[in-house]
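*Asks:* Let the hints inform the model, and build the full structure from the sequences given.
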Amino acid sequence: MAVSQMIGASIKRREDPRLVTGTGSYVDDIPQTAVVHMHVVRSTEAHARILSIETGRAREADGVLAVFTGKDLKSEFNAPLPVTVCFVPDKKYPNHYPIAVDKVLYAGEPVAIVLATSRAAAEDAGERIDIRYESLSPVLDIEKAIEKDAPVLHEEIGSNLSFDVKFASGDIEAAFREADVKIKQRLIQQRLIPVAVEGRGVLADYKPFTNKLTVYTSTQIPHFVKVWLAVILGISESNVRVVAPEVGGGFGSKIRVYPEEILTALASRRIGRPVKWIEDRNENVKATHHGRSQIWDVEIAAKKDGTLLGIRPTQWLDLGAYCSQFGTFQVLGVLVAQGAYKMKAFDGRSVGVFTNRTPTDAYRGAGRPEATYLIERVMDLIARETGLDPVEVRRKNFVRAEDQPFTTLLGLTYDSGDYTITLDKALEMVDYKGFRKEQAEKRKQGKYLGIGLATYIEICGLGPAAATQAATGVSLWGMSVVNLHFTGKATVIIGSSPHGQGHETTYAQVASDVLGIPVEDIDVVHGDTAIGPMGMNTYGSRSTALDGNAVHLSAMKVQEKAKKIAAHLLEAAEADVVYENGKAFVKGTPSKSITIQEIAMAAFQTNRIPKGMEGGLEATTFFDPSNFVWPFGAHIAVVEVDADTGATKILRYVAVDDCGTRINPMVVDGQLHGGIAQGIGQALFEEAVYDEAGQLRSGSLTDYLIPAAPDVPSFELAATVTPSPVNPLGTKGIGEAGTIASSVTVINAIVDALAPFGVKDVIMPATPDKIWHLMHRNGGSNR
Amino acid sequence: MRRRVAVTINGAKYEHEVEPRLLLVHYIRELAGLTGTHVGCDTSNCGACTVDVNGHSVKSCTMFAVQADGAEIMTIEGLAKGTTLHPIQQAFWDEHGLQCGFCTPGMIMAAKQLLERNPNPTEREIRLGLEGNLCRCTGYHNIVKAIQAAAKVMAPGAEAKTPASVS
Amino acid sequence: MIPAAFDYVAPRTLPEAVAELVQRGQEAKVLAGGHSLIPLMKLRLSTPSFLVDIGRINNLNYIREEDGHIAIGALTTHHDIQLSELIRRKLPLLSSAASQIGDPQVRNRGTIGGAAAHADPFGDFPTCLLALEADFIIAGPREERTIPARDFFVDTFTSALEPNEILREIRLVTPPEGSKGTYLKFSRRSQDWAIVAVAAQVSLSGHEVKNVAIGLTGMGSTPLRARAVEQALRGKAGHDDEIRAAAEKAAEGTNPQQDLNGSPD
Ligand SMILES: Cc1cc2nc3c(=O)[nH]c(=O)nc-3n(C[C@H](O)[C@H](O)[C@H](O)COP(=O)(O)OP(=O)(O)OC[C@H]3O[C@@H](n4cnc5c(N)ncnc54)[C@H](O)[C@@H]3O)c2cc1C
Ligand code: FES
Ligand code: FES
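Those protein sequence lines, which keep their order, are chains A, B and C. Each residue of the first sequence is one higher than the last, beginning at 1 in our numbering. Each residue of the second sequence is one higher than the last, beginning at 1 in our numbering. Each residue of the third sequence is one higher than the last, beginning at 1 in our numbering.
In short, the hints are calculated from the structure, not lab data. Take the hints with a grain of salt, since some may be wrong.
[Claimed, not checked] Simulated pairs of lysine-lysine, DSS-like, Cα-Cα distance not exceeding 30 Å: (1) 81(B) x 425(A); (2) 236(C) x 447(A); (3) 92(A) x 144(A).
*Replies:* What follows is the structure in structure tokens.
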């Protein structure tokens, strides 16, 4: 192969011209004649029995075509919404159907649908539906949910406890016996609303006489949606086509099969016309799943020289009202809580409970931000307790380069990494020593600067097939088809389903690199189940490590076949043929070459290819790697906390990340920027707040605050490159790393700034109000 | 109780009878068929629906179409000349100022107003000028860079560079 | 998130607009910039069946100085106020507040008349207008009347306007040469509504505080004057310790509420 020209090139994204001109098509932009608008009437109660639903007045309203309740539709569901194993095979969970029938379990749960000729008419009619509820007391507190006398959400389960599982290894009692330093700390992962700027939306068209269903949906998982539409609605899978068009952000919030996807398709089948449902933000904040919502209790055993001996973390996980499809994926937080460090014992536990709130599921990082938050707070707590520098505590406990591949206490094996290299680089960028001097000076002037760091490691890639099947219940791998046309142009079909990650660009780079076909001549197709084999979609920073490598492997197969054809045409032995930059030639005579375009053409003139060879130039790969991939890095934030107002300002944010080979560094950096900002959002601004009645109080973007441009700094990024040994490109994931590292980085910095006030922890979001109280809890006397 | 609304959008004239409650953004998307203007929040917070009305950037989800009767409107679709991108669009492309692209049309329209009012903004001024627009993908880093780059190109006296056309 | 249906007129003159309001009675509402009303209508928290759009009345958008006062037309946008050279020179408190309202798009549409009439206790202009002791000139079915600021803000979302009245102009006494004013707003993000804010207008005579007016945003059901602070500052030279002592009194006579962004402390 020629020296790589495309891998590592920050070429501009091919997605962008259509997006910057407003000519890309998101679900709501798809032209559709005679479309019917669906409005979902949602529960206004958090926990109640439905006594009656009076729809007569709505049916009579202008423009209304039909009104359906759960009772009207329930016989059409052949199966409940899917729930995966995700680390907890023995959990208890209820059957969850797309629409409530007898009982509502969270405010926002669908109770009726209205179909009308316009959205306005559908919403008007929705107001004319009269629902009588018998209110039940809502369960809203994770710990109280499993008290004896708590009201029970799911009678068939008998309590609000879904599971209580242990993940332990090593002698934790011995670790605590050996410890000079024992610390107990409670940490809160507040409930978050993902807020993709495009909400969800579905356009479904069921054709009565052919029984064919086409669904456009704003999703990360078109291939899974296809399967479950077929299963739940009892339609042959071959008659279902699901398309993820332009998707306006996901962050995990579009990773599951949603009630509205089923309801829209079912509505279309019921009335024999295309039906569209577009989620408004009011619904989105309640109907699209939330993230985090966990309490963590940790006990730490360490020595006074900073050596970590063991931890005993318990994760209290709020599943919300049902167990969402990947709801228990968040348990991963316990499984990877060892982080980048060695220890002797680990005694983890995860408890999952039901509450009368929106279900929780994967949200950017899903488990790994929680794990990182835990272990990186642990490092700082040890530093505070022992009086050592947080940097030294980390160095002392790092898994070393020579320990790689390192196996954790829970049996996960890291693929590669020298964690000191990213740390050293980040410290140098921020001038750590210089900062500590400045900090001391400023404190004397009543100015509170703080520095915080996180030296994270994360698991991603989501393949290998066997490991993921065992752990999550879904066998995950990468898929690609590389198909050359008659004129030597290529179509690349991928199993991932991007929504901002730029796969159309980066995967073309991968194919171009192998085949020497210019990027402009390679079309990357995704998100349409009617094209190509099944794929495993996009989440868990898996796409490039899986599907990106699958593209590489398919392109290699195409190259192999091209060489065979070239050898035939050049009348040479295959072993003597060299393929370089889109040309094949006999070793030593590059002047007498034939191009890939000529070879492609020959491939479709079957008389010109070797006997017995199939025509065409196409290859398919299902790529199953030998391990997960483990990106790592060091993030550092410098903050200033205003003593008068408690407001935090992030002065600098430095990040050094190692995600292995960087196919398009510009795109990698972009993923980090967005991820870091999202983690800053959790650290400083975001929280889904419920009142005592179970109503979401932060129910719009006026009250649920996500960072805007003035709230974040410009980021200072650098990279190291440790190629992953488990895939041919050496890539790891980078979609979630920013979020995984940044919230704890910022919190560690704030806690550092507040050290003169004796503050050891700050609960997220670190609002000015909370910080001001921490600073003034002793009348401000320790200032 | 329909009302007649006549507007000019991107130089073309449109006239419709509409319900007074029709929001300008829905007029633009559904009646004029220009779907580049997006709806991201419904509560006037996200700016995805930003368009120009008589030279002022407004959130078209917070204006009734009837209020715009007689107005000159410009949407994201009106910025490029043929396949030649407007310098701000070009800069968003060059600097990777977008990922999913959903916020982008509104962001670009807000940036346009920002640069009209302040052709040479500091980083802080750019960030404040975008405070009405939310992006969940980019962390704003490259959006700021894009606007800085566009400001350079658009500055009076800047070399009349021919922006690359869309290939 | 679609407003309930309503009927709509856009009269060209103030008397026509008043006549429409009189004819429709309680079910009608005035529409100005729409940046408070439309969000409420989309949430169907407000469902007027008739809107009188005053946005096309020609002569309601102005800022001018006339015999010792500055007159601002009700339809003047936050952006126009922020930009006005006259306001910047004579009433910097107002330009300072204007620049901190919402975001650029909101400031392009929102009007000072709407902000006053809406009487949001977290609104920025009402506090300034109270501190500046503005007069509100009101057109209605009867003779034009003038309400002073201290009587204008009645309660949360309630002004002294009758449903058939239209706020036409806001009139402010031009502060004496050398008088200074500014608006300090504290919010979670720069585009947000205030958690608390302070409007201050101070006139010095030599080094001594001669006149001081301080308004508080978000500390009760209406904008408030911090009378105790004003009292404590009057006649002082404005040393740090005096200011601090005065500031201690800021909470006197206020009644802040717990909300998502902050506790009453
Ligand atoms: C995203 C967003 C952020 C905002 N942030 C802030 C902020 O930080 N600070 C702040 O102070 N405000 C803020 N606002 C509100 C904004 O300033 C509004 O524009 C203003 O409060 C109302 O002015 P309007 O012209 O839009 O009034 P409208 O919405 O048209 O009317 C508001 C009310 O006043 C009545 N009314 C309007 N004009 C008159 C009149 N001349 N005579 C009689 N009645 C009248 C209407 O009937 C209605 O009841 C924000 C708004 C939005 C959408
Ligand atoms: S849709 Fe208009 S501001 Fe969000
Ligand atoms: S690019 Fe996705 S929201 Fe901005």
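*Asks:* Now, for every hint given, state plainly whether the structure supports it.
*Replies:* Hints, verified against the model:
For the proposed pair residue 81(B) and residue 425(A), the alpha carbon gap of about 46 Å is over 30 Å, so the pair is violated. Simply put, residue 236(C) and residue 447(A) have alpha-carbon atoms about 29 Å apart, close enough for the 30 Å limit, and the pair holds. This hinted pair checks out: residue 92(A) and residue 144(A) have alpha carbons roughly 18 Å apart, not beyond 30 Å.
Checked against the numbered hints above, the structure violates only hint 1.
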